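Trainee: Sequences listed follow chains A and B, in order.
For the first sequence, counting from 1, position 60 maps to 185 in the numbering used here; every step adds exactly one.
For the second sequence, counting from 1, position 243 maps to 329 in the numbering used here; every step adds exactly one.
No wet-lab data here; the hints were simulated from the structure.
There may be inaccurate statements among the hints.
[As the list claims (entries may be wrong)] Across the chosen pairs, the derived CB separations fall in these ranges:
| # | chain 1 | residue 1 | chain 2 | residue 2 | range |
| --- | --- | --- | --- | --- | --- |
| 1 | B | LEU242 | A | ILE200 | 46 to 54 Å |
| 2 | B | GLU127 | A | LEU205 | 41 to 49 Å |
| 3 | A | GLY176 | B | GLU127 | 46 to 54 Å |
| 4 | B | VAL130 | A | GLY176 | 52 to 60 Å |
These numbers come from a predicted model, not from an experiment.
Using N, Cα and C, we set each Cβ at its ideal position, and we do this for glycine too.
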Amino acid sequence: MTPLAKLLEAALFASARPIPTDELAALDADASKAAIAAALDEVREHYDVDGHGVELVEIGGGWQILTRAEYTEAIERAQLASRPARLSAAALETLALIAYRQPLGRAEIEEIRGVSVGSVLKSLHERGLIDVVGRGEGMGRPLLYGTTPIFLEYFALRHLEELPRSDELAVALKAEPRPL
Amino acid sequence: MTDGVQFGGYTADGSSPPPSFVVELTEFSGPLDLLLTLIREEQVDIYDIPIARVAEQFLARIRTMALNDAADYLEMAARLLRIKAQMLLPRGDGGEAWDDPRAELVRRLLEYQQMREVVDVLERAGEERRSRFARAYIPLAAAPPEAPLALSLSELLAAVDRILRTTKDPTMHDVIARSVDVPGAITLIRALLALRAHAMWTDLVSRDAEPWQILSTLLGLLEMAKLGECKVLQPRPFANVEITSDAASEAA
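Chain B on its own, in the form it takes in the complex (with noise of 0.2 Å):
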């Protein structure tokens, strides 16, 4: 077996060129199908391939394929190449037996076509199946939806009444609202440096302040800080804040 594979598509023994047709490769599930639907074609015995010809046809097929799906093809036609190559070199004469390069293939095929067997086999019966009906079959709801309410306004009414008069009287609760008062912080603050230049946290916030007193100045503090009304400087973690005049500083 000398004749040579040759990507152009002919070979050089003058064996008859590959069927001009076009082959959509989705007629074939997979590498293996193609090979041996090639084998068939070529009627040659699957124990005894001839590897370059049966290589050269199936590398003519997968070129009319966008080689971005071709990935299981070439890993194909690689290994016949591989195959191809094994088959090229010298055969010990001696006794030893010669392990033939096509046999894990010849395995592979005779499984991928006991399997085609199968799928024969499961297509007629899944056929036979689709052709009949079984009955259809609408699962009920595992709750049934409840009846919609039927209810008066009266009857509505009387059982909000049965209801009060079953419980004793509420506690009411007085909520006091506390609401944080930046607008009224800013103002004392405004004042105090207007006093003097240089104010300390500790002058703004008295020991007993409440907290949405502390809160107050600090959001007063901090919104006059970003307007740059003052200058807001702590020297050191958790020391006495320093509060200077921003127009005082500037005056000076």
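Chain A extracted, bound-state conformation (with noise of 0.2 Å):
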């Protein structure tokens, strides 16, 4: 490997989270963009052809080295590590709602989905997946909720965009949703 991807790969090995490709620039000043990407498809390579147990993987907005999924099972049975628990149905609608239409209050999500949602608002808001990101006009001035950047992570998604567009919905809104 070369000396750039053997920088960016301990960096992504020492950090907990994705990084972001302007903070593995930031590493080397001399690296132009072109140049991260090609060390990045380097590591990315080196793991996949050497085949190692981890690979590296674009996910919530940055770059992170993951486990390979044939060793989830393994690794979880000898209590190494654990998968976060699964999200329930009704957090998981109320989640799909606020990525589409953020900034959302919590009237409009009860509005679509016929229910209640402050529990799971809450525990929503607990696991980090959304953040309150304003406040709505209207009466009370209603707290409104956005995802975060732990909410890419979960999903293993890049960007926002990475969602498929309301129009390629198999059933369209006839209230546009906004733009992401």
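Need the complex rebuilt from these two chains, each delivered in its own frame; the hints are there to steer you.
Mentor: Dropping the structure here:
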């Protein structure tokens, strides 16, 4: 591997979170964007071609080294690491709405889901998947929620645009969701 | 559409009875989810929902669940019955456009269905990510704990000695205890009351009395009043306090 690829590999290994490309670029002031991209490719190929137990994944707005899926069960069985708890259907529905229509208030979510969502919002907030991004107009100036980088990471998304556009969904809404 | 919804279960028009299996309502994430499931099971057109049939099915399902948890579902049930009633109203024959009372429900169902599609996408993506681990990371403490103090007794004494030598002679203050003497005050008051049955506060406390003496006398007086040895009377605020020996008054 080139020195730049090794440097990026070390940085990716040291970080707990995905590292965005521009932060990777800051590691070496002389490296161009293209050089960083090439070095990332080099690391990824190194893992894939040589057959490593980990892989380099673009995720959550950055790059991260993850274990390969086939070893997950063995790792979990040995209690070395455990998968995060699965989200409930109620949590997923709420997240889906916030992802598409953020900033979004509690009343709108309840209107669409047809159930009260107070406790769901609380637990999503506690897990860091959503955050308060502002306050709405109108009575009580309701809290408005949006998704966080942890949301992208949880769903292995690079960015929100990776979610299907509303016109790609089988059922298109008449009221167009806000552009992401 | 004239079939009626009966809370007992079956419609009069001979449509098939609701499925006999018990539905766990926790499998639905809300009334819209249940409604959508019913529409799918019945294979009806979402734009032309047979409201009466669907409402009946809906009620049949929610009857199996505890009422406390059913508020959201009951609200939907009420909505369905209202739409059903509106459907029964005669439609104007004229050229007026007919407002389908189901329109709002259809809009909400479509909106909900679209959200469910996104949920499927998210679920798959989340499952994908859950199957891989990132490097576990334990953040370092902000400041590493300090090393335990390694010091011998002689070093400690030498340090104390150094400090003492660099400081000037300490100024010594004599602290005189002026404790409150309640028993002494009581003795004095008793002696005074033995001489005269009535006394005034000003008889007990001289003008140049020190604060601790005033305090002692006050506490002593209150103690004696509590014990019933004397009566204390102040005719009006800030007036001189009159003290009467109880023994004297009884004797009188």
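Trainee: Measuring from beta carbon to beta carbon, are B:GLU127 and A:LEU205 in 41 to 49 Å?
Mentor: holds (44 Å)
Trainee: Okay, A:GLY176 versus B:GLU127 on CB: inside 46 to 54 Å?
Mentor: Since A:GLY176 and B:GLU127 have Cβ atoms about 48 Å apart, the given range 46 to 54 Å holds.
Trainee: May I ask you to test the hint 52 to 60 Å on the CB atoms belonging to B:VAL130 and A:GLY176?
Mentor: holds (53 Å)
Trainee: Given the range 46 to 54 Å, decide if the beta-carbon distance of B:LEU242 to A:ILE200 lies inside it.
Mentor: For B:LEU242 and A:ILE200 the Cβ distance comes to about 52 Å; the hint holds.
Of the hints listed earlier, there is not a single one the structure fails to meet.
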